[in-house]
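Asker: The lines below spell out each chain.
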Amino acid sequence: MHETNFPILSIIIFFPIIGILLIAFTERKDGYLQKWIAFWTTLIDFIISLPLFFAFKNVADFQFVEKVNWIPSLGISYHVGVDGISLLLVLLTTFLCPICIAACWKDIQDKVKEFLIAFLFLEVSMIGVFCALDLFLFYIFWELMLVPMFLLILVWGAPARRVYASVKFFLYTMAGSMMMLVGILVLYFYHGKVTGDYTFDLLKMFQLKLPFRYEFWLFLAFGIAFAIKVPMFPFHTWLPDAHTEAPTIGSVILAGVLLKMGTYGFVRFNLSLFPHATMYFMEFMGILAVIGIIYGAFMCLVQKDLKRLIAYSSVSHLGFVMLGVFALNVQGLTGGMIQMINHGLSTGALFLLVGMIYERRHTRLIAEFGGLAKCLPLYATFFMIVTLSSIGLPGLNGFIGEFLIMLGAFKAKWWLGVLAASGVILAAWYMLWMYQRVMFGKVVHEVNLKLKDLVAREVWILVPLIIFIVWIGVHPNTFLSKMEPSIKNIVSKYEKIKISEGNTKINILKNLKGERS
Amino acid sequence: MILGIQYIKDSVGFLPFLILLASGLIILMGSAVSGFGDKGRYGSGVALIGSVLALLSLYVLYGLKRNVLFNGMLIIDKFSIFLVATLLIATIVVILISRNAIAKEGAEINEYYVLLLFSSAGMILMVQSINLIMVFLALEIFSLAVYVLVGITKQKKISTEASLKYLLLGAFSAAFFLYGLTYIYGATGTLDLQKITNLVAAGEITNRFYLLFGGTLVLFGLAFKIAIVPFHMWTPDVYEGAPTPITAYMAVGVKAAALAVFLRIFGHTLLKISINWHTLFWVLAVITMSVGNICALRQDSVKRMLAYSSIAHAGYIFVAVVAGSNYGYGGILFYLLVYTFMNLGAFGVVIYVENLLGLKDDYDSFKGFGFRKPIIGLCMVIFLCSLMGLPPTGGFIAKFVVFSSAVKAGYIWLVVIAVINSAIAAYYYLRLIITIYTRAEETNTVEDRPIEGSIYNSIGLIISLIGTLILGIIPYGVLQLAMRAVSL
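Chains A and B, in that order, give the protein sequences.
Letter by letter, the first sequence follows residues -4 to 512 of this note's numbering.
Letter by letter, the second sequence follows residues 2 to 489 of this note's numbering.
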């Protein structure tokens, strides 16, 4: 294992705390000072996290590992590290946070101090989730995220249904994660019983071979927590509500990072810890993912509210990610991983754009717009690029992810690939139709003529996102090469299982034949 | 003569009790002097000093070896020291948060503090006793004081009613307890817990049925004090009627003391005589937490909600009783300490709203509280998160240890039921958090009025807050103490 003395991950995780302390000591009315502090905190955090990318060696091992005993009697340690799977998600988080702060410059005017503190707290827990290599630590960060996000929706959300949305979000997530807690405990004691080493260390857990009965139930216990977070098809109902009622940057963070915690959880825990159960559930999860893709897409077609439409498109896109992950081959997993990043960038950008028009018009209903391209040319251009990236136009990021996922799905189960392909067509339909209704045609409402185009701040928020959207689309290998060894590591496990199970089947057949003859 | 010297020596192991008793007597005598004992100020001061001294005296006790005192009546061991510390912390915080609350309730009398100290002394006696007759004596000492404390606001009908209800049902349960003791004595010929343990271990019980029957009756008596369903009927009414600090005290102190005795009697002794206890406790744990949580969902008064939630927490604690391992018992001690901090904190905030701001204890009074009093509002959120069991608070670690002990013992479905319950419980705690951060329509609900002496309340809240957070972030040392306390 590659060990470093310099605790770079801890610094990245806990750096926002400095911002929290600074903001806590400012005057309540100094809203802009607080925003500047938060902005620089998150930006510096992003800059500190950049060396991770460049110093990262393209191997499957965990890197930048730190390990300190925390509650030694229970085998709990503060153990963090990143591999190819979590590296890009950490960077995505640190990248989106300064953008979010910049985006709330005008949006949040009420109780700025509390808002920023909750937001920075959220950043700590999000980065922590992706770095934690100790199940206990992971669970702590996972739960820590709940309260600030709940408050973001509750206090700064749209007044009409924010209570309903925030409670739904909280209870859904809480119910799921409590099941995960039971799973973690069972895993812990099983590991302790078998090896005599009571530990929450994930790396040691990876060595564990579980009986299938355990794998089956543990897969479900962990799976339900992650499936709710993703959200997968039957557990998705909290998402449109949470997105619609949350403030703009709440939606951006929710779509950009929080949902990835679910898919990341599947890859990190379910796939790595319970391989046999994963094989067993593979088809089932694939079917749920495809239902999510198609159902989400159809829901998009009937939405009147822009934000709700994008929220349902998230359900559809996350369905793609799950399909790729449960294809259980290199192409599918790579596609799923890169699609996580893509979704963070594209959907994040879409929510930002909707937020910008909402600030101007105070409505998000599609019917209230029309012909915006005439009065807001710059806005329309950005919107076009992001829309196309979301659809999966070749040359932009969405294409790479969806293409790889399809490839993987066809290789695993061809009919899942065929069904998922319809999702791509539907995506083009609902996104372009939405774009047409909002941007083209006659200006029906006079108010829209007076709208001002994007200001410099808003352009600077969007430009970095666009850069990465194009970068991944044109030269994805910059990012794919980082995750490749880790993904191959996971997939090799499955190939071994397939071979060994194939062998047993052949052996059984041979035996049967032998008996007959 | 030598026995007398031995008794004086033994008194050192008995120091917290003596200090509390002495401070209580000082207050009583002082208030007889005219002009000295005005409006409970003096009482609260002496009580505070007394209980802090008692807490400090534990330092001396901690150095002592495990030792039986007074001819096998009391014991000084790590178990009792841990619990005495928990009880004394509870007493100190309750004294701090009482000061203004009692003034508002119209019970500004020194006797309030005297009774508080005596009941606390009774509880300490109870966790230290290893003779069942001593247990009963201690139980009665603190119960009598608490009966009076519940009804100390004589002019309030609801308090008097609560006091009477508690007295009648309490007397009933005490009778059960005592009746159980007679059977235990009949079966074993002794009331000394250590001797009973030895007899059970050696398998020399002639009449197992009598011992089981007696044990069940003792369980009923204690279950009443802990508020285990179906012995919980008195809880909501009494908790609502009692002055709020006393409600807090009962939810924390009485529960901790009764559970300690429960562990002493059952943990290493009576549990061994029948395998069926576990099934019984399994059922009790499940119905206790489920009934507590489901009833709490429908409450409009925060005090009543906290009362039902305390029933639910008793259910969570019972999960570790079912596990029946030292690890689980250590978890219970840790849970009790955390519960002391977080629950007293929550009640402290209720007192703040109720007495210092002059509002009622229903949910509506909390509207907009988080905006008017951001810091105390945030404290309440932290206490509620801890009660919910979210990291990084002590409530999470406590729940974690308790649940993990049950998983370790193989009771996975029990833990699944417990976590489903925790998810249900999240709703009513959340409801309060939401109310705290909802803008009030009428602006007069929370007024900024000059508050005299709220500093005591604040200190109480700060102690609770620090305890809740420290036990959540660096629980190692205290957890270790709790684990060591139960390993005999």
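Just so you know, these hints were derived from the structure itself, not from any lab.
Cβ atoms here follow ideal geometry from the backbone N, Cα and C, with glycine treated the same way.
Be aware that one or more of the hints could be misleading.
For each label pair, taking beta carbons as the anchor points, the in silico distance ranges come out as [to be verified]:
no., chain 1, residue 1, chain 2, residue 2, range
1, B, Val417, A, Ile462, 21 to 29 Å
2, A, Leu203, B, Pro375, 43 to 51 Å
3, B, Ile50, A, Thr190, 49 to 57 Å
Asker: So, for every hint listed, does it hold in this structure?
Answerer: Hint check:
The hinted range of 21 to 29 Å is not satisfied by B:Val417 and A:Ile462, whose Cβ atoms lie roughly 48 Å apart. Between A:Leu203 and B:Pro375 the C-beta distance comes to about 47 Å, which sits within the given range of 43 to 51 Å. For B:Ile50 and A:Thr190, the Cβ-Cβ distance of about 53 Å falls inside the hinted range of 49 to 57 Å, so the restraint holds.
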